[in-house]
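Peer 1: Each chain is listed here by its residues.
Number of protein chains: 2
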Amino acid sequence: MKKIMPRPNRVYCTWAWLLYKEPMRILYHLWLSPSSRKVRIVLGEKKLEFELQLEKTWDRREGFLRLNPAGEVPVLVETNGTAISGGQVISEYLDELHPSLNLMGNGPLERAEVRRICLWFDEKFYAEVIQNLVTEKVMKRFLKQGVPDSNAIRAGKSNICHHLAYISYLVERRTWLAGEAFSLADISAGSHLSCVDYLGDVPWSDYPLAKDWYARIKLRPSFRTLLQDLIPGVQPPKHYQDLDF
Amino acid sequence: MKKIMPRPNRVYCTWAWLLYKEPMRILYHLWLSPSSRKVRIVLGEKKLEFELQLEKTWDRREGFLRLNPAGEVPVLVETNGTAISGGQVISEYLDELHPSLNLMGNGPLERAEVRRICLWFDEKFYAEVIQNLVTEKVMKRFLKQGVPDSNAIRAGKSNICHHLAYISYLVERRTWLAGEAFSLADISAGSHLSCVDYLGDVPWSDYPLAKDWYARIKLRPSFRTLLQDLIPGVQPPKHYQDLDF
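Protein chains in written order, with the numbering used here: chain V, 37 to 281; chain U, 37 to 281.
It cannot be assumed that every hint is accurate.
Pairs count within a copy or across copies, as identical chains cannot be separated in the list.
[What the hints assert, rightly or not] Simulated pairs of lysine to aspartate or glutamate, DMTMM-like, Cα-Cα distance not exceeding 25 angstroms:
hint, residue 1, residue 2
1, 193, 58
2, 176, 280
3, 92, 164
4, 160, 98
5, 82, 164
6, 57, 248
7, 83, 216
8, 247, 237
9, 180, 278
10, 57, 280
11, 254, 265
12, 82, 278
13, 193, 242
14, 83, 237
15, 180, 87
16, 173, 98
17, 176, 146
18, 180, 242
19, 82, 146
20, 173, 159
21, 83, 132
Read the hints as simulated data drawn from the structure, not as lab findings.
Predicted, not measured: the structure shown is a model, and the values here were computed from it.
Next comes chain V alone, as it looks inside the complex (with noise of 0.2 angstroms):
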C-alpha cells in the first residue's frame, strides 16, 4: 500500500499562514532624492515589487547605518536581507541581475556614454540645481536650518537653464539622451527634474524640446506612481501630475 504522507493541520496551516508574511525588498528612500526616485523608476521599469520605507537620515538611525554606513538613501535591501546603497550602484546591480530590460546600453562605450549622462545628473546638477533649490526650498525646512537664502534660490534657477539647454541639445540629436534607447540616463535625470519641477522651477515653455522629451518620460507607467507622492506641506504646481503639461 502507498504510504500516504500526512497532511499537515489545517487549523495550525491558517495560523501560520495568517502570522506569515512573504518577505520583500525594501527601498529606504527621501521625498525628494533623486538617487531614491531613480531607484524607484529602475524597480518599476524591471516590474520589481517592493515596499517604501521612508529614512529621515538625519536622524542617524543605528540599525538604518548598520545597512549603509555612509547614512545615506537610497538603500535597497534584497529579500534575503542583503543591502546595497547608492543610486547608481542600486540602479547597475539590478540592471545586472534581471537584464531582461537592457537600460545600460550594448558594448563598453555604449555604457560609458550612459554613465557620462548619470554623472552628469548625480554631480553636476545635484552640486548647481538640486542644493541650490530643493536643499534650500524645502530639506532647509525638515532641517529647521533656517530660511532659505536667496542668492543659491538665484543661481539654481538661472543654472537649469544650462541644463536643459543640453538636454535639448542632446534630444535634437538623438530619441533619448545617451542613444537611440531610452536608458538609465533618461531615469537619473528625469529623477532629477522631477524634483525641481514639484517645486514648479522648471522653465519648461523656455526649452521646448526638453519638455518634449520630459512629456515622453512622463507617459511611463515607472514614472507615473512617483508623482502621485505628496511632500508634507509642500503642495506641486498644478502641471506637475499632467502628461499633457
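We have chain V already, so just place chain U on it with the hints.
Peer 2: This is chain U only, laid out in the frame that chain V set:
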C-alpha cells in the same frame, strides 16, 4: 607575367616615416585631481600606454569643452579620437574593454560592493576631505581665490579620521577594501588619499591598519609613477614617496 606592384618611393617613405607619429591614447588631467589619478592607476594596472596632458580646466578651453561639455578632468581620448570622461566612467570602460585583469569583481553583488566604495570616496571623501584640504590649500592658490579658510582645513583634518577608521574597519575583515581581491575600490581610495598625503595631512600613525593597506598600494608599479609628480610651488613631505613610511 605576374604583375609587380610598384614599390612606394623610398625617399618619400623615409619622409613620411619621419613625419608620422603613432597616435597615442591621451589622458587630460590635473595634478591633485583624485579622479585623474584613479584613471592613471587603472591605465598602469592594465599596462596601457598613454600620454598625460595637463588641462587647466579653469581656462574653459573651447577644444577641451568639445571633448567634455562638463569641462572637467579626467578625459581619455582613444587613438581613434573617441573621448570618454569622468573618473569612474573611464575606469569601468577600460575594465570592460581590457578584462584580462579584473578590477570590478565577479557578479552583480561584488561589483556593487566595489562601486559602493568607489562612490564613498568620489562623493563622501571628496566633499568632506578633498574640498576642505586640497581645494583650500592648493587650488585656491592656483586660482588666486584668496587665502585658505582655516575652519575648512580644521574640518578636513577632523573628517579624514572617520575615513581612516572606516578603511581600518574594512581591512581588518578583508584583504582589500571590497573583498579578497585588489579592485577599483582600492584604486579610488588610494588616489584620494595620495592627494591628501602630498600635503602631509594624513595622520597615518594613528591608523596602523589603514597605513599597512596604503603601504601595499604604494608597492604597486602603477602607483609609483604617480608619486613622482611634483606640483609647482608645493613640496610633498619626506615620507610621500617612501615605501617604508
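Peer 1: Indicate, hint by hint, whether the structure satisfies it.
Peer 2: A quick look at each hint next to the structure:
| no. | hint | result |
| --- | --- | --- |
| 1 | 193 <-> 58 | neither (46 angstroms within a copy, 47 angstroms between copies) |
| 2 | 176 <-> 280 | neither (32 angstroms within a copy, 47 angstroms between copies) |
| 3 | 92 <-> 164 | both (23 angstroms within a copy, 21 angstroms between copies) |
| 4 | 160 <-> 98 | between (31 angstroms within a copy, 19 angstroms between copies) |
| 5 | 82 <-> 164 | neither (30 angstroms within a copy, 35 angstroms between copies) |
| 6 | 57 <-> 248 | neither (43 angstroms within a copy, 46 angstroms between copies) |
| 7 | 83 <-> 216 | within (22 angstroms within a copy, 34 angstroms between copies) |
| 8 | 247 <-> 237 | within (13 angstroms within a copy, 48 angstroms between copies) |
| 9 | 180 <-> 278 | neither (32 angstroms within a copy, 48 angstroms between copies) |
| 10 | 57 <-> 280 | neither (40 angstroms within a copy, 56 angstroms between copies) |
| 11 | 254 <-> 265 | within (14 angstroms within a copy, 49 angstroms between copies) |
| 12 | 82 <-> 278 | within (24 angstroms within a copy, 50 angstroms between copies) |
| 13 | 193 <-> 242 | within (13 angstroms within a copy, 45 angstroms between copies) |
| 14 | 83 <-> 237 | neither (31 angstroms within a copy, 48 angstroms between copies) |
| 15 | 180 <-> 87 | neither (28 angstroms within a copy, 51 angstroms between copies) |
| 16 | 173 <-> 98 | neither (28 angstroms within a copy, 35 angstroms between copies) |
| 17 | 176 <-> 146 | neither (38 angstroms within a copy, 36 angstroms between copies) |
| 18 | 180 <-> 242 | neither (34 angstroms within a copy, 36 angstroms between copies) |
| 19 | 82 <-> 146 | both (20 angstroms within a copy, 21 angstroms between copies) |
| 20 | 173 <-> 159 | both (19 angstroms within a copy, 23 angstroms between copies) |
| 21 | 83 <-> 132 | within (14 angstroms within a copy, 28 angstroms between copies) |
Violated hints for the displayed structure, listed by number in ascending order: 1, 2, 5, 6, 9, 10, 14, 15, 16, 17 and 18.
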